[in-house]
Amino acid sequence: VEQQELESFKKNMDDLFLIIMGNFVFFLQPGFFLYESGTVRQKNVVSVAFRKFINTTISSLTYFLTGFALSFGDGNGFCGFQYFALVNLPDEMMAECFFQYTFAAVASSVPSGVVHERSSTVAFVSYTALTSGFIYPIAAHWVATKNGWLSRLGFDDFAFSGVVHAMSGATCLAAAWMTGPRLDRYQSGGQRRVVISPHSVPQMILGAFVFLFGMIAFNAGSQGSISQSGDGSIIAQVTINTLICAMTSAVTGLIYHRFIVDRSKKNWNYSSCVNGSFVGMVAICAGCNQFQCGGAFALGILSYLLYLAIQAIVEKLKVDDVVDGIAIQLGGGYAGLLSVPLFKDDGLLTNPSKSSPWGLLINAGGGIVIMLWSFSITILLYIVLRYFDLHRVSPSDEKLGLDMVIHKEKAYDHTTRK
Amino acid sequence: VEQQELESFKKNMDDLFLIIMGNFVFFLQPGFFLYESGTVRQKNVVSVAFRKFINTTISSLTYFLTGFALSFGDGNGFCGFQYFALVNLPDEMMAECFFQYTFAAVASSVPSGVVHERSSTVAFVSYTALTSGFIYPIAAHWVATKNGWLSRLGFDDFAFSGVVHAMSGATCLAAAWMTGPRLDRYQSGGQRRVVISPHSVPQMILGAFVFLFGMIAFNAGSQGSISQSGDGSIIAQVTINTLICAMTSAVTGLIYHRFIVDRSKKNWNYSSCVNGSFVGMVAICAGCNQFQCGGAFALGILSYLLYLAIQAIVEKLKVDDVVDGIAIQLGGGYAGLLSVPLFKDDGLLTNPSKSSPWGLLINAGGGIVIMLWSFSITILLYIVLRYFDLHRVSPSDEKLGLDMVIHKEKAYDHTTRK
Amino acid sequence: VEQQELESFKKNMDDLFLIIMGNFVFFLQPGFFLYESGTVRQKNVVSVAFRKFINTTISSLTYFLTGFALSFGDGNGFCGFQYFALVNLPDEMMAECFFQYTFAAVASSVPSGVVHERSSTVAFVSYTALTSGFIYPIAAHWVATKNGWLSRLGFDDFAFSGVVHAMSGATCLAAAWMTGPRLDRYQSGGQRRVVISPHSVPQMILGAFVFLFGMIAFNAGSQGSISQSGDGSIIAQVTINTLICAMTSAVTGLIYHRFIVDRSKKNWNYSSCVNGSFVGMVAICAGCNQFQCGGAFALGILSYLLYLAIQAIVEKLKVDDVVDGIAIQLGGGYAGLLSVPLFKDDGLLTNPSKSSPWGLLINAGGGIVIMLWSFSITILLYIVLRYFDLHRVSPSDEKLGLDMVIHKEKAYDHTTRK
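Residue numbers (my numbering), protein chains in the order written: chain A, 1 to 418; chain B, 419 to 836; chain C, 837 to 1254.
The following block holds chain A by itself, in its conformation from the complex (with noise of 0.2 Å):
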């Protein structure tokens, strides 16, 4: 056997183990639909199954077009230039492209669910452009590249807790602040919270599975290779890993509400259940590589305080947000940075090295210039919508539903007889 055989076909294996996991990454898209679509009241549905199925269309275009180029293009320390519209790209490239696209589609929909119900279908299409065009490719580069001026700083964010989550968490909280509340969110001068119940507990509970199914992979796939010695047992861990940060984060948030939220109602809650496995999804990215089980079983429980954290202080603001997604996302995805150093075999709080330390400051520090990245250029794009006031639909058409008005279809003909 020729050494040269082997690679090829080991090459192969590594394009198929992208793309098949790439695949499931991309389920992720329907997992939002349905979570979204299931939580907005029904006059809204047909609008979110718009949006979600643009959402693909816009950054699967978009990520081609320069999404790619600016991430894994060669370039500078802060983006790459190379590849735009895929023109060139080696063959041997093509696998890894599709499967940072799938990141790239993830990035971009959680932003838009936070403000659905009121939120414009340019402002909708502005930042999801922007988010899969622009914003989070540079983000990429800068960790996932060698060149990228993070990852020589040794900032270490496996499978992009930062980058993806709490990236797209200050996308979420930009946006949901400029757009404002729901018309019907607040009540007695803006002083009681009104809450909205979802028009469908079933759809919302699929996408939370198809969630689950979809974050394996989204962390295994990241391993990027499975030819090499070892690989297989990484991704295996991995998984296991991303199985137990979830579920001790989800029983986390069903204890937290049953025993002290709402222990005179003595009710259990499916959606703090819910809401607790997708912080720890997120949590377990950026060190789910690295870390012994016991280390995903603690994240669960420390990543859902630091969301509920997050959770009151964006109550107190008042900003509204539909699914939660900025808590989750700015909460799960900021605990998984700060995780890495702390966590994996050589951390702060397991076998400190000397530049244990400084791995922690990078972590933290990275994650805040990362966060500030996409909430800024967000907040540039609000302020130009909204000085032509693009952001969100009148009051009037808020109160219809936006199915009627920029649909003119509804998401429901239950009529029995016709």
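Hints were generated in silico from the structure; no laboratory data involved.
The C-beta atom is built at its ideal place from N, Cα and C for all residues, glycine as well.
Misleading hints may appear alongside valid ones.
To be verified - Just so you have them, the derived chain C footprint on chain B, three or more residues with Cβ under 8 Å:
| id | segment |
| --- | --- |
| 1 | 423–434 |
| 2 | 476–482 |
| 3 | 510–522 |
| 4 | 672–683 |
What the hints assert, rightly or not - Only part of the chain C face toward chain A is listed, based on derived beta-carbon distances under 8 Å:
| id | residue |
| --- | --- |
| 5 | Ile856 |
| 6 | Asn859 |
| 7 | Pro866 |
| 8 | Gln918 |
| 9 | Leu922 |
| 10 | Phe934 |
| 11 | Val961 |
| 12 | Gln1039 |
| 13 | Tyr1248 |
Model the placement of chains B and C on the given structure of chain A, informed by the hints.
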């Protein structure tokens, strides 16, 4: 290391590749169910559920009984005749057999979609069994085996834009034409076409996402092996081309409706966008392994135009198609067949050689023969069905809805207190 | 090329194979959710959603805590005792651990299905944790490890028709019997059985498709490796056998209902067909790696007959089973156990040898021991639960529905203007 050991390992990987891709293509079955059951009125939802599940049943049993034998058994230029009921099928062809089955399942599922809400159970069973056990397998033999007469002439259809999609589009046309329109589809003596709105948009959209997921594997799996040098980058190119073509076609549909069809109403139409993505997915099958990204992009636009033309003809003929399947499959499929000799590396529009016009002639003509094949057999079947008045349910049954008439079940029971 | 490099590559592929197949089996979790939440009445849908999500949570944490240790740790013939909380689990067993977890998730999910709409939260948590952390892992140790006492006797159950399905069927029977029927299930002093119609047929059918998808991987992944000579064709045979057996059983159910049960009403019953497919999927697990296609076909018919017999007994005993899980799991699972010594290459009905009767005795007797094991422990649990009156909700709560009582949430809000 012995060469033999590596070869056996490679063969295992090829089998695994086909089985995983086949599993994804098999997942198109719930995709059809979701999309079609969302599209129909509530009184016919159980009927759609039943037929889509039974489609899986019939297509698997008939394909294993006769389909695979007629396709891939040794035989002559017209059909194979070996391995009926999979008897004596060699172990090394098992994975191929499963993968090919999933294509037959797709080919036989589309036709039942276009004649929902009025087609009889007998008609449904007949054309499903005929398509998966006879019509499709023979067309596949022509194109996908060395012996096949179209294959020998140089017919070039990588992932079956022609053999699956244009073929089934012609079956759809024959079935919908012979079945006749739904009772309430045309008013004022047949002059005015009535819009029948879907009963659940979320079900449709979830189905559309499942299609995207499944069709990527439909095209990637068509490479057939993953162990040969270059396989990995080809399936990656295939994946990206599928996304680009589908999404370009989706955007074309969206823009066409917003700025041409609905320019006065100014509404954004989700269904033009979703149907556009279907057209693109179907069109790219034939050439996704050969095209550069630019070719996929151009085909996305052109295939949508052919789809529009065929849709106009279908409407002109007053053929009632519940899911727009005729125009999608014929328009997308035939555009795909034409695209290969035009856009491939030595294509007529890129770098023509002396044999290029011949390639166009074969693909254009072969596609027509395939369509005539499935069209005429379906017409023959319907002549028999109509003779015995078995082709559709009675007008009174159609008004009541197939659920209560054929299944004696309602799709939903939204009684809150019981 | 060094042999070592190839071995390490092969190990990676085995790990990847187990992780991908495990991901597909994990996707059975939303399958259970969809099928069961569609089946219940609208007032209990949130409860089903909650429990199915929590099932994933509990089963993963308990399996990793004690389940894997009791199953696959070194130990004696009864159970293992190593790797509790996955401590010191070697890297090379990680992928196996995840794959095995997905089976525990299935085994523990079925029982909660049969007692929906009346079972208490405490009961649900207890039997779920007990099944995934104790009952199932110990049965798996008996059969799937070299040391296991049934394994040493020659018990032959490839993909766990007995260890997962018949085992959980016995748990189901114990739970449903001890819980008692739903209040409105029997009228006229318990004489007349009331049909409780599902609240959403589309949700059920989507769940059924997801089962088909997941069970193919359940069986294929049971091969455990993809790198050994012949692995590829075995998983292909397994896949085709699973389809054939499931679909034959589906057709048997369909024909039985159309021409025997409902021959006067002449209606086609989707649920007999869907349940038939479940029976076939469950039955083929045990022998799918050894049977020819003909064996899978015969088993499809025979397993349905055993299912019918058990279904009749369950009805006779007035045990109320929301999803027909007892008959499916016991009938399908036990038929599977019996089929191996009958239909395999040197089976009693094919080519009997001197040891063939012994094989039948072991599979028949071993299956009964496994069922008694899970049945008796579940009964013990319920004796305790009933003593403290914790086994089901109060009659008034049951009438109101678990959603408003336990969760204070409605599944749907179809208000159109709000």
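Looking back at the hints listed earlier, which ones does the structure fail to meet?
4, 8 and 11
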